[in-house]
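These are the residues of each chain, in order.
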Amino acid sequence: MTLLHRLVARYLGLVLNRPLMTLAFLGGLAVASGITAKALITVNHNQLDLIDPDFQEVKDVRRLIDMVGGSGHLLIGLRGSDRKQLKEATAALAKKLLADHPEFRSVVYQMPAWFIRDRAPLFMATEDLKEVRRQVSAKLKDVIRRASPFFFEIEETKPYEMNLDPIIDKYRRVGRKSITDDFYISDDGKMVLLVTRPKWDTNELEKTEGLIRKLRKDLADFKGPEGNLQFVEDYDGQPAPESTRIEYGFAGSYKINADNAALINSALIPTSFVALGGIALVLLLFLGRKAGSILVVLSGLVVGVAMTFGFAAVAIGELNMITGMLAAILMGLGIDFGIHFLYRLREEFGHEQSIEEAIQKAVIGSGQASAISAIATGSAFFILTLSSFKGFSEFGLIAGVGILLVMLSIYAWCPALLMALERTGGGRARRVVGFIPLEEQKETGSERRIPRPKLLLTLATIVAIVLSSQAHRIGFNYSSRSLLPDRQESLMMRDEIDRRFSINAEPLAIFTPNLQEAKRIFDYFTPLDREKFDSFEQIISLFTFVPPKEQQEANSAILAEWGLELQELDRDHIPEEHLEHFDTLLKFTQLKPFDHGILPPVLIDQFKSLPEAKPENQGWLTYIYPSVDVFDGQQLLRFNEQAKVITLEDGTAYRSAGVGTLWAKLARIVIEDGLVLFMLTAGILLVILMVDLKRIRRTVVALLPLVIGLTSALGLMAIADWDLNFMNVVVFTILLGYGISHGVYLIHRFLEGASPYTAMRSVGAAVACSTLTSLAGWGALLTTNHAGLRSVGLLAVVGMSMALAVSFTIMPSLLQILHDRRVANRTDDEAEPAS
Amino acid sequence: MARPALILSVLLLAPAVGATGPQEKSVKKLVKLVRYERDAKALKLLSGEDQGKRLLQGHWAKASPAERKRFTRNFQGLFAALAFPKVRKNFEHLKSIVCSKAKVEGRMVDLPCNVVLMHALKKKEMKVVFRLTQKKGWKIVDVKVMGDWMLEGIREQQIQPLMKRGGWNSLLEKMETRLAKVTVSK
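These protein sequences, in sequence, are chains A and B.
Just so we're aligned: 692 in our numbering is position 692 of the first sequence, and the numbers increase by one with no gaps anywhere.
Just so we're aligned: 60 in our numbering is position 60 of the second sequence, and the numbers increase by one with no gaps anywhere.
So that you can see chain B by itself, here it is in the shape it has in the complex (with noise of 0.2 angstroms):
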């Protein structure tokens, strides 16, 4: 019996470690739906709750539910003001996307990707690692670039610094100020 358990086990397992087609599917889809302007959509394919405890932290657990919520708001809208410009930008001229095999990291999945760009005839290649975790499907929660966590990178530089000068509504009311700042400049 042991034998047969082992087996299926594995066999349920596979998808979401050994194969490589729900992760790379959605990382594909997040990329095609911030390319075609379907921002709303792609936020959905962000895990709010992880990135908000890679963000905070220890502050995170001692947030309220409605700081957390108003964070993920103000965070996502940001996310998606700022960067999905630029990711348009960057992948204008995509080629493709191949993702090699994922890496478990705890709750969480690497997936190591190769992002093919061709600009005037030039092939560039950037090496961009997804992290995702399931939550009703697979989620984006960070992105490796150049050996470089995006959330890392916000953390220390923006959130860390905004925490310890004001707390949670220094914070608040700064992400709701860029933000209303950059929907107005739109």
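The following block holds chain A by itself, in its conformation from the complex (with noise of 0.2 angstroms):
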């Protein structure tokens, strides 16, 4: 007898003739557990912390938030008919905010575009202002002349129509603003924007929701500095007609974030409660009137449960976003544990022999292929701890002993749950489980078989092929918007501003310690090379707002001498109607260059670290918009790349940071972790099988479920063009684990010497049941609205179904085709020392 047949022979005797005291003990543990969990436990909704704290990018990150304190804003986009009303509630709200909410750092709805507008001929090129002079002053000569009392036309002539709308185009915005207007409003005049930042960063979700939730009951309370005005949230893009009625909604960093989160976790409870739905549902069908037996199971399920959460309040000490989903994930995985039990035991106690042996072969017989499963799926999940994504390592250290933790919960707590419940009365445990007649498991002489195994084998194989053909054209989708619903409201909104704005994402920030770098960054990007960077749409610092000094000089040149040609004119004889423009001319030709030194405070604050930021983070930053869509992966990689690390003529680099970074970062992680931990897996997967079974065509035969079926899964996927993306790629682990234990439980019952159609019998039933319970649990996520949610429940839906199809189609012809093999060679030995 080995040292684990030993070991698993105490163990059994542990739990079978001290029931009450396993039980007492698991239960105490699970408790414990739970009391630790709910004492230890929090729930971390900060995203940054899943991120590697000493990853470059993140330390970036963190410095942006402590010198401007937040990496993104919340936007307030304020929509309207009447352009002048709507200026004036903007303003009269902002200065509500500010009084009234103290989580805000700032509000801000206009900038000073006035700065510019009074020096705008310092900021064209020179070739323009000349241009701008000759057209003028050709305007200017013939008004003159018009109004010249001695002025007529022999061939009559329009006036001179000057053409500068092309030029004031081009100047019409400087940086990101418009500045035909001082408030952030569109060109139509229709929206407002409030720039908002609270003063936290955008990961601190539920700080964030608590702040939309106040905002929400205020403006439905607010009425306007005239008190007749209404706020409504909306998100259907067009202003309503009446002008008493301001609508609004959110959008920015902090919106979005704090709405992907609350949309899958508002999708996880129905579809929670879906899949128990579906569960019990299976369960029923499967286990018939036992409803006893899925108690025992249950309840086994929460020992380990808890206890797994017990583990990750020692360990970890905190629940994220990815691993608040364990609990159902180690459910749906451990519940097929109990259920092979189950089935194990119904078998046995058709054989004439007492409970404990009953119980000990059921033990015994599912316990190996369920430890061999465990063993596996754990590894699958542990391989995860490598990841440099704290999100998946911290999920992979608790599903993996979760995982383990479960199996041997259900192997300790059920079988000793049934002896309590014999010793209340015999017979009892067999009355709860139920069992399958001896009759029926018996061979009869003919002995019942897969029927014609190898048309069943040769049919399977050329549709597992023809699908597998296929899994080469899988896609990939980068685009991590499409993950998300159509009508999240933050998205809409945020479409709508970039339509009414021309803006499109939030920008990334080089931070420099003084003036004279950013100045001489500024440089390095002025004029821009769109070839070398073609991901970037503008750099906007404070030095966008200061024209170069040669060109001010020289334009300030210009207006002098221009200048000194209008003061000859009489303005008494410039027509009443262009004696403004006349007048704001004149005024133009008075300008002189001009430093940083005198931009409105205002505006330096927004390129400048607050007072309040630790002294090496004080400085200024320079901001790189995108001229990509981020929310697709592959750009958001590109503009990352071009932008993260500058580095100017002289060999100085400076490096960008915000939410572009870090989400770059992440979809780095995700693609280059995700195939390298698959090989991992698949790598220790096939070791432990090795090590389980010892020859390599009983290892090949219990991977068929996994191998083909994944593969067919990928084919199918790629023919209903369904495509891997950055959230359902994690559900691959996942898939292993399920596709690997129904090999793993088939080989072991057909390597005990049964045949396959009683392997597949007992067996087979149970890993239908174990399988059905899990698409119902995964299944469930198709009833959600999130996309990326359903993208999960589609690929474990599709992979487990097709895994679960090989295991009752290539996997036991095969199977009957090698026991009818091994049934002859029997017969053969038996027959040899007979002749």
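Simulated from the structure, these hints should not be mistaken for lab results.
Hints may be right or wrong, so weigh each one.
[Said to hold, decoys possible] Derived coverage of chain A by chain B (criterion: at least 3 residues anywhere in the stretch with Cβ under 8 angstroms from a Cβ of chain B; other residues may be distant):
id	stretch
1	140 to 150
2	568 to 582
[Unchecked claim] What the simulated footprint calls covered on chain B by chain A, stretch by stretch (three residues with Cβ under 8 angstroms from a Cβ of chain A suffice, anywhere in the stretch; the number is not a length):
id	stretch
3	39 to 48
4	145 to 154
Every residue gets a Cβ at the ideal spot worked out from N, C-alpha and C, and that includes glycine.
Need the complex rebuilt from these two chains, each delivered in its own frame; the hints are there to steer you.
As structure tokens, then:
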């Protein structure tokens, strides 16, 4: 007897002879774990904490957060049909928000565009200014000539028309801001933006959600400066015709992050109910009227899950967005152990033997396969601990330990509970679990077989080949936008803001400790090399608002010369309708070059660190705006690649930081880690199976549901144009665990000597039951309106279904062929001595 | 002998150069005639020949006497038909015309004047420079308002394009068509 056998015998002895003590111990452990978990576990909504804090990108973003208080904005878009009223309402609302909400660090709805308007000629390229001068002078001359009492025409001509729009349009915006109005107002005058920044960062989701709730309440009560306005949250994109109705909506990285998290959380609750309902239905279907047996298994499951959370409390102490789903996943995986145990136990209860013997045989019979399955699945999860994304690594650790704990608790709690039940009345355990009559199990002489195994194998293999041949065509959808619902309000508002204001996404920021370096960076990007930086739209810094010195001097000289010409004109002879322009023109001719020292403070503040930032984070920011769609993973990566480090001609390098760098890092981790982790998991599974089964042929057979199931699933998805994406790609690791367990249970039962028919009848039914419960669980995700979760559910359902299909077609038919050979060889061996 | 001759020449020239009297007189007379709709007489105070030279430059020298005559008649007709009414309107509330020292520009004399208008008790001043030449009395050639010479503007905007397009015939026909039109509309 091997050491393992002795240990198992000891363990079983304890459980079966001291069931109450076992139950008390496990129950006490579960309760203690639950209490510990409740006391110690916190839920960390901070997404930044999911990424390794030693990553340079994380350090850079933390510096940015310290510098300016956050890495994004909370935008409030106000929409109305009356421009004047809209602006007044905005000003009043901004005042109220700052007064009533200490949560805000800043609320900005305008910027001093007047500063630029007053100096517009200095911002023009000198050639453009010359052209403006030429046209304006021609116009002035024409106006004066026509105004002269002595003017007449031989041939009537039209007054000289200037065509300055092409030039004006070039300078209508400085930075991202239109200079025609100080307000952040759209060109059509229908929307004003309130750009706010709370006193926390974008990844503190609970605080953001709390603030949004408060704002909604306040806006519902707010009536505007005159007390006659109604503020209504609306995302349809069109202003209401009534001027007293101001529509508003939230957008920006704070809201988008909070929405995403809330959507996932809210999707999980109803899907959990759907999942539970589906699982209960499947269990009732397979286990018939033996509801008591379901309770036995479920109680063991709960004990295992409770212990897992106890482990999580001690080992990690917190759950995150990803590990928060652990309970559901562990239950879905863990129920399989209970189902296999129950089915095996029902077989054993059909034999004439004591309850202890039956339980012992059931534990040993299905326990070994369960142990291998748990080790294999657990290994697949443990591989995730190698990921640099904490969301995956913590998930892998807790899930890996959890699957082992659940397996152990099922095989300790359930036998102990049944033994304890038996002690309350003989035969009770058998009645609760039920049994498969022996006559059904015995061979009758003409052994029941899988019919036409070769035909079944051929047909199934053809289908598998056809599907698997398409697997290489599976696409990867890099767009994170496609993972989100179409009608997510913050995204709808984002799209509207983009449409009205032509602004795309949050920029990345480059930190410099002083203005000289900020100037060097700005000069490096002026003009912007659009070939090298083809994903950049614009660079905005303090120096965007200070034209180059040479240009200012040249323009100032042109203006001074022009001024002298204009001063010779008699203002009294300028027609009334042109006087205002003439006066403005005269003012412009007095302009002198300026530097950043005279910029308005509110403009400087946009680029400067907060006074309360740490000394090492005091400095200046230069912003890089993308021209690409940052929701597209590939374009985001390209933008990040070009922006993450800016190296000037002298070799000095500057790093950029922002929400974009983090998302790009995450995308890179998922893509790079995903492949590596998958290959590692596959390798480990192979090793585990070889150690367990000891023969290559057996290992290959055991791997069939996994390998063929997975490739067929990918092929089917490719044919149906269902893509992989950043969310569902993590399901692969879980699919490896499921797929492997099918093959392991079936091959173990087969290796015990059972015919494939018998194996399928007992183990196969358990495999079907466990798969269907898993399908019910994962399939519930298909009912959500979160496209990302739906894609996770779809991949899981397709993958598991294919594995199940292989388990019921290729595998049994192959096993039947092998069994037939086995029987034939055995018959030959028996016949030999006789001959 | 030289000194008395010098003094005499200065005294002779003085009314033409130093004193503004006769030039100013011509200007005031022109304005008065125009205001009182004595257009025909007002036109006689304009130097058609010099205006033609200024308007057509090299083309004038190449033109035949008939063309020149036709041009002058058309030009002055248009001037009277189109410019005089505007002058009447602008100078409706004329208070005074005060001219300062004339400046000699070759054969011409530039006479800067300050035209004062009073309209609704609001005083408006207009600085006008009259260019005159002496041809049987001082005749007005051109007028500069707000730095812009009238004839220069007409030459650049009207005459030169028309001459370029169709030469003398085209120009004269255009002028006559326009003149006929404005005369009919009156």
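Evaluated hints:
no., hint, result
1, 140 to 150, "holds (count 7)"
2, 568 to 582, "holds (count 5)"
3, 39 to 48, "violated (count 0)"
4, 145 to 154, "holds (count 7)"
In the structure shown, a violation is registered for the earlier hint numbered 3 alone.
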